[in-house]
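Each chain is listed here by its residues.
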Amino acid sequence: MASVLKIDNLSISFGGLKAVDNLSFEIEDKMIYGLIGPNGAGKTTVFNCITKFYTPNQGSVKFKTIEDKVVELMDYKVHEIVNLGLVRTFQNVELIKDLSIIDNLLIGAHSQYKSTVIAQAFMLKKARNEEKLMREKAMNILKDLGLEDKAEEIAGSQPYGVLKNVELARTLMSDPKLIIIDEPAAGLNETETEALAIMIRKIRDTYHCAILMVEHDMGLVMNTCERICAINFGKKLAEGTPDEIKKNKDVQEAYLGKEDDIA
Amino acid sequence: MQLLKRKPLQYSLFGIIAIILPMLLNAKGSTYTLLASIGIISIAALGFNILLGYSGQISLGHGAFMGMGAYMSAYLVARMELPFIVGLVMAAIVPLLVGFVLGLIALRLEGHYLAIATLGFAVVIEEIFAEFSDFTGGWSGTKAGFPVIFGYKFSKESVYVLVILVLVGLMIATYNFMKSSTGRALIAMKKSEHAAQAMGVSLFKYKLLAFSLSTMYAGIAGSLYIHFFRFCEPKLWGIALSLDLLASVVIGGIGTIGGAVVGVAFLKLLPTFLQGLPILGDIDGLAFVLTGVSIIIFIMFYPKGLINIPNDIYVRFMKRGKEGGKDGIRVED
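Protein chains in written order, with the working numbering: chain C, 51 to 313; chain S, 239 to 571.
Incorrect hints may appear among the rest.
Pairs of lysine-lysine residues, derived as DSS-like cross-links and limited to a Cα-Cα distance of at most 30 angstroms, are as follows [unchecked claim]:
id : chain 1 : residue 1 : chain 2 : residue 2
1  : S       : Lys-542   : C       : Lys-147
2  : C       : Lys-119   : C       : Lys-252
3  : S       : Lys-542   : C       : Lys-176
4  : S       : Lys-245   : C       : Lys-147
5  : C       : Lys-127   : S       : Lys-417
6  : S       : Lys-245   : C       : Lys-175
7  : S       : Lys-429   : C       : Lys-182
8  : C       : Lys-193   : S       : Lys-429
9  : S       : Lys-245   : C       : Lys-182
10 : C       : Lys-175   : S       : Lys-417
11 : C       : Lys-164   : S       : Lys-417
Distance ranges between label pairs, derived from CB positions [said to hold, decoys possible]:
id : chain 1 : residue 1 : chain 2 : residue 2 : range
12 : S       : Gly-530   : C       : Asn-59    : 54 to 62 angstroms
13 : S       : Ile-547   : C       : Pro-209   : 28 to 36 angstroms
14 : S       : Ile-343   : C       : Asn-59    : 33 to 41 angstroms
Simulated from the structure, these hints should not be mistaken for laboratory data.
Just so you know, these numbers come straight off a predicted model, no measurement behind them.
The beta carbon of each residue, even a glycine, is placed where N, CA and C say it ideally should be.
Looking at chain C on its own, in the form it has when it is part of the complex (with noise of 0.2 angstroms):
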């Protein structure tokens, strides 16, 4: 499979309603890559069933993971999701506001833990130098983001600028093969979403790992992402450049209305 991740049919309903409707598209790896629609169409639904926060009804989602093994992520739990090289970010920052900004990214790392509770209470050596590894590795991260001043920092006090990159951060620390990002402009400003549009594409070229966003903010995904999937109702619409989405009749009245509605 050339693709790091490919969905196949998937569909989930809430009730009688169909959120997902045999939903297909497919990531290439290292790509940047956009799930678009207007308020309500399904994209972060589509999320939750992919990182399997919800469990949909049919279809099948394939995603090849770190060991470039091709596996069904139906078959997995939610916690199980992130060993595999699959990460994501929540609409609203989902960080422990009480501890530094490294521990937050020592949370990220939590899989990748090996010691066990008693090596752990008694900090024994082998303990002590896996924290000690996460730590650095935490602190490379932060200092490619450009935040290792404030490591020490209480994520509770800092502004939601920062948070969103810290969340970032955090996904970085499992070693992913692709992030999945839900709006990560939300709430920022234009400068701070134009710092986070070079951010992402930093991160994919620092960290080769494929980015999946939710966005409303055309501005950024048109310029960040190289292919875009633009849904409604939980149907696919197009799927395309984003030179061709913009052009694309369905999607423009997705947005927009149809003409003969203004009239």
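Fit chain S to the known structure of chain C by using the hints.
Chain S in isolation, oriented as in the chain C frame:
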């Protein structure tokens, strides 16, 4: 001063003071009894705080786990004449295993099923303690002696020292693993289940871990109890003890290590102090009433718990305080 900010050092210092002060003051036997019971219950409360403070689960049966540790230890040491250390270790392991199995069943369900399951469990266990008299001595209770380690026979005063050593050791161990990946996973789980799951934390696994660990602490406390007081009966391990543990954690400070000790000391010392007063001292079951009233007062007006008072005062008067400590073991906001 900088050195004093290190928590393990603080705990050790606390231990040294707790050991030396009664010696210097030439304390009476009854003072040692009071202090030792604070130390012993603190061990159980420390474990209880891992459960309540981090996994957010409530147990109403921790008294039963303490009892299990006590009877286990009494049986092995006093009846089978095995060394005290074997009794202590088994008193830790058996409740741990029982807690593990109980958690395996009860924690599969979301919500407060653990509280219900442990309550039922405690009632059953209390009956078993009473009826299973070959092992527990039944209603007439069971006896044990002061511990003997490597030929050294403990006295009342030196068992107290042992209790404090175990308490401080467990405080440091708890602090260490709370600062490591396990503790961070527990904190993450409490603060944001979604984030924890997305980062690979299995909620079930860590709730089970917190619960089994807390039952182990209770078992250790039980073993020390029987070897200090040298006698116990089934009624002792009932719901009142479990509620006391819950109360001390709430009063001392949920999710803190020192809070467990402070809370227990508060609940044990206040009635002793008030009993000396006129009118108030004459009320029957004063300790019971106080426990209830204190829980309500603290939950309503100061949910951070006693342990946070110095920090709050510091923040209020120095104006530049940081919120809580920086040790990852933080007080609720």
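Hint by hint, here is what the structure shows:
Distance check on the hinted pair: S:Lys-542 and C:Lys-147 sit about 17 angstroms apart at the alpha-carbon level, within 30 angstroms; holds. With a C-alpha separation of about 26 angstroms, the suggested pair C:Lys-119 and C:Lys-252 falls inside the 30 angstroms cut-off, and the hint holds. Straight-line distance between C-alpha atoms of S:Lys-542 and C:Lys-176 comes to about 35 angstroms, which puts the hinted pair past the 30 angstroms bound. Of the supplied pair hints, the one linking S:Lys-245 and C:Lys-147 holds, its CA atoms being roughly 22 angstroms apart against a limit of 30 angstroms.
Only pairs whose Cα atoms come within 30 angstroms are accepted, and C:Lys-127 paired with S:Lys-417 is accepted, the gap being roughly 27 angstroms. With a C-alpha separation of about 20 angstroms, the suggested pair S:Lys-245 and C:Lys-175 falls inside the 30 angstroms cut-off, and the hint holds. Taking the CA atoms of S:Lys-429 and C:Lys-182, the gap is about 25 angstroms. The hint holds against a cut of 30 angstroms. A C-alpha spacing of about 26 angstroms is found between C:Lys-193 and S:Lys-429, which places the hinted pair at or below 30 angstroms, so the restraint holds.
For the hint linking S:Lys-245 to C:Lys-182, the alpha-carbon distance of about 19 angstroms falls within 30 angstroms, and the restraint holds. Between the alpha carbons of C:Lys-175 and S:Lys-417 the distance comes to roughly 15 angstroms, so the proposed pair stays at or under 30 angstroms and holds. For the hint linking C:Lys-164 to S:Lys-417, the alpha-carbon distance of about 15 angstroms falls within 30 angstroms, and the restraint holds. Restraint check, S:Gly-530 to C:Asn-59: a C-beta distance of roughly 59 angstroms satisfies the suggested window 54 to 62 angstroms.
For the pair S:Ile-547 and C:Pro-209, the supplied restraint of 28 to 36 angstroms holds, since their beta-carbon distance comes to about 31 angstroms. In this structure the hint that S:Ile-343 and C:Asn-59 lie 33 to 41 angstroms apart at CB holds, the actual value being about 38 angstroms.
In the structure shown, a violation is registered for the earlier hint numbered 3 alone.
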